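Can you make the complete structure from the sequences, with help from the hints?
Here's the letter readout for the chains.
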Amino acid sequence: MSTDYWDQLQSAALLGTDRRPLPEPDGSPALQAAAAGVDRTDPATALLELAALTAVRRRAGLLPLPAPAPEPPAGDDERPELPAAAGRRLAVLLAGRAAGTTTQPNLAELLPQWLSLARERGYRPPAAQVPALLEAARARGELRGDAVALAGPLGRWLAERNPQWRYVLRTAGAEGPTGTDLVWQQGLFAERVTHLTRVRRRDPAAALALLAGTWPSERAEDRLLFLDALQEGLSPADEPFLEAALTDRSRNVRATAAELLSTLPGSALGRRMAERAQAAVRLVDGVLLVTPPTACDAAMQHDGIPPKSPTGRGEQAWWLGEVLAATPLSCWTHSFGLPPGRLLALPVADARTQVGAHAGPAADGGPWRDELHEAWARAAVRQGDASWARALLGPPPRRAGSPAVAGAPARLLAVLPPPERALWTAAFLRTHGPGDAFQLLGACATPWTPPLSTAVVAALERAATAGSYPWNHSGVLGLTERSLAPATAPAVAALAADAAPDTAWAETFARLAGTLRFRAEMLAELTGEEI
Amino acid sequence: MEERWSTEHVLSLASDAAARAAGGRLSSPAAWSRTGCGQGALWGLCQGSGSAPYRTVVEFSTPAYQCSCPSRTLPCKHALGLLLLWSGDRAAVPAGAEPADWAARWLAGRRRRAEPTAAPADPVAARRRADRRAARVAAGAAELRLRLADRVRRGLADPGAAAGGWAEVAARMVDAQAPGLASCAAELDRLPADGQLAGHALLYLLATACERIGELPEPLAHTVRARVGFTVDSAELLAGPTVRDHWLVLGSRDSTDGPLTTRRLWLRGAKTGRSALLLSYGRPGQAPEPTLPTGWLLEAELAFHPGARPLRAVLGPRHGAPGPTPGAPPAEPVSAALAHYGEAVAADPWTESWPVVLRDVRPIATADGWQLTDHQHALPLHATPEQALWRLAAVSGGRPVTVFGECDHRGFTPVTVWDEQGRTTGLTTGGAA
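If you're matching them up, the sequences are chains G and W in order. Residue 278 in numbering that gives the first Met the number 0 sits at position 279 of the first sequence, with consecutive numbering throughout. Residue 335 in numbering that gives the first Met the number 0 sits at position 336 of the second sequence, with consecutive numbering throughout.
If you're looking for bench data, these hints aren't it; they were derived computationally from the structure. Just so you know, these numbers come straight off a predicted model, no measurement behind them. All clues stand as given, with none of them false.
Partial chain W-side listing against chain G, Cβ under 10 Å, derived:
no., residue
1, Gly23
2, Gly47
3, Ala148
4, Asp149
5, Val151
6, Leu202
7, Ala336
8, Glu342
9, Ala345
10, His374
11, Ala377
12, Leu388
13, Cys406
14, Gly410
C-beta: ideal position from N, C-alpha, C; glycine also.
So, in structure tokens, the structure goes:
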């Protein structure tokens, strides 16, 4: 057959006609007839001519392959496709992703917002853009939840065919088939964490059962991260499991279990801590008398208090702080009968120097005051207690350099309801520079409220007139690009127009204004509103 | 009235991802003033960080771009931004206006330069040059045949024979004024092992045909002359017979070889059913022209390069403005498409590939790679970049689609896909990089 003949020609050509005889023509009669016309005196030229004849015949007579076995198509997607303008916007946003992030951060900042809104609106992206979407979310983990939900059944169909997009099949939001407990039994670690988190969100008890089933056989560092997943949907049903984890082999697991228990209202650990706390802090004649623990006994260690401070603080202060931070805050308001604000205003003294209970208020607030307030701040953050956080934060400081708030203000702020957070931060910004407010701004909900947005713009304007440079505020500017209220666009545009032309601030404000316009348009396209 | 270009098409004009992103940021109405479009052009003023706004003009038909910004990239971010603005929202750009004076000046200057200029010719000298070149090419072809035969005599696997490589032979073919033979010879070094014999044999066939060009039928002689590297003047071709039709833009593909960008753009005549290939070249950082959007229909005259199986053409006079056309083009089953490729090879043995439109095909991942199948038959996909492959798979989602691409002896290379609603997606350019 001619295929064999082609092979014979190939092997003759490979070794050379000096070493290999010219194969006799073979194949169809037409080919043999044509081959008969080839001058065979020089085997090399004859081989080339015969090969040309055969190659052309093979190509001209090429046949298609038989059809492969059919495969199921992607599942139907009932969602409406994105409005045309929003689809074009997605193309621009995804194209911008590849650009350098140093000079043009805005498109990268805006993609997450776009994705979450498009998902919320229940749209389906144009099919041709789904691969770029999956590719973008492969590189940026924070996009995955929204990107996978948006990509829908087509995204899963593609991911089943492209190993690079396997994450899609593991991401919550892509409803997987049943029998996913296989993932728990056999999956990779990251897959198992995602799975546990997903189950926990849907059915907290089922997640606990899943975890308890394999707990003894898990490695210590895995146990630690699995335990973290219980944070969501924590309830008294989890207490026995967490109590048992207090005797875990790993110190970190013990500490995490204790921390979870301390945030659980009415837990036994909370009660044990409250007993220790009330032994350490008493209210006598309007003064908080502090008797720090003198040792970290076995019971305290069992409840997750490490005997040594990791930062090398004084032992007694360290133990006191750990006990108070794990004590339910209601313990103080109930037993002392005072609201948080009044408790914070009380003088604090060392019980050992106040023998006889002649407690006069100490001029500096007492030796243990800072430790006490710091520990209460930690407890307020842990327990998400807004009234304590509000009292600890106090009114926003009036001047730069005012006494510091106990604890980390940004973390306390995060406990407050979003409008209150924005008001507090706006007031803070009126007296402080944008740089000082970076962490506070990060704790505020996006998009920022109009008053907060106005305060940020005013702070940036002050920074510009004070002669600092935009790159000194790059962190705040990045936050601003993705969080500023679109309504602030005219004010920013006015700043851009007023800034000295061709200066760094003029460019910064112009870009900020451009980003805000872009964002306003992109949101309008998705919500069907006029800009 | 110009039809709006799609955003994907505008993005595909950008020279790189950074230009696409920069253009995207300049695509909002607030960045622009005194915009307008009409008389085949689009213009506007863009306020940059400097004091004077940039003046940006786009001429649609070629298309061509002009901007007063310092960027030497064409189209610049301002032209891209203006096009995106116009493509996204027609109302954002007033239509039917008279071009602003600065835009009108540039457009008039362009039209003046486009007028043909008759070059004085000296027919006797031209004849003498042609004879001299023909003799040199024939001598080059004879030498090439000897070299090929020597190679096969010693064996393609012989390491000693491979030492010089074909680069040296290619250089001699350049000296012999046969650039086509030179690039074919240089290509031999890059062929895979199982393509070596066919490559040598077909080049030998070409060199033989070149020496006996006088004995060949005229169409085949034209084919051989084109393969060897004799160029045909476009103006001369357009002076001859042209084919007037409504031409559908099937798709285009850019490839870069050294500093030049080569653009292949395929057309299909609605009336004649003929396929045509327009070849153009762009300098570095610049998109080649023309950039006719895929899926558009334009009424125009084409002049085909003569040959045994004419495909390559030059674009002649256009009639009326081009515009988008709904739905997928007429298509055929896999077996018929492959038969067309076979006919092309039978007429012109050096045919590398043939443009075809496949009907109701689905991409399927098999153990041997991706295939396109129409239930009856299948073609393997090859030379398809990952990005294009996944876009094709996404548009199909496992359901039948219409696909335009090139057939060759190794399989099929997709260029454009039409989904079930007949919407066009280009697979070779643009999109998210």
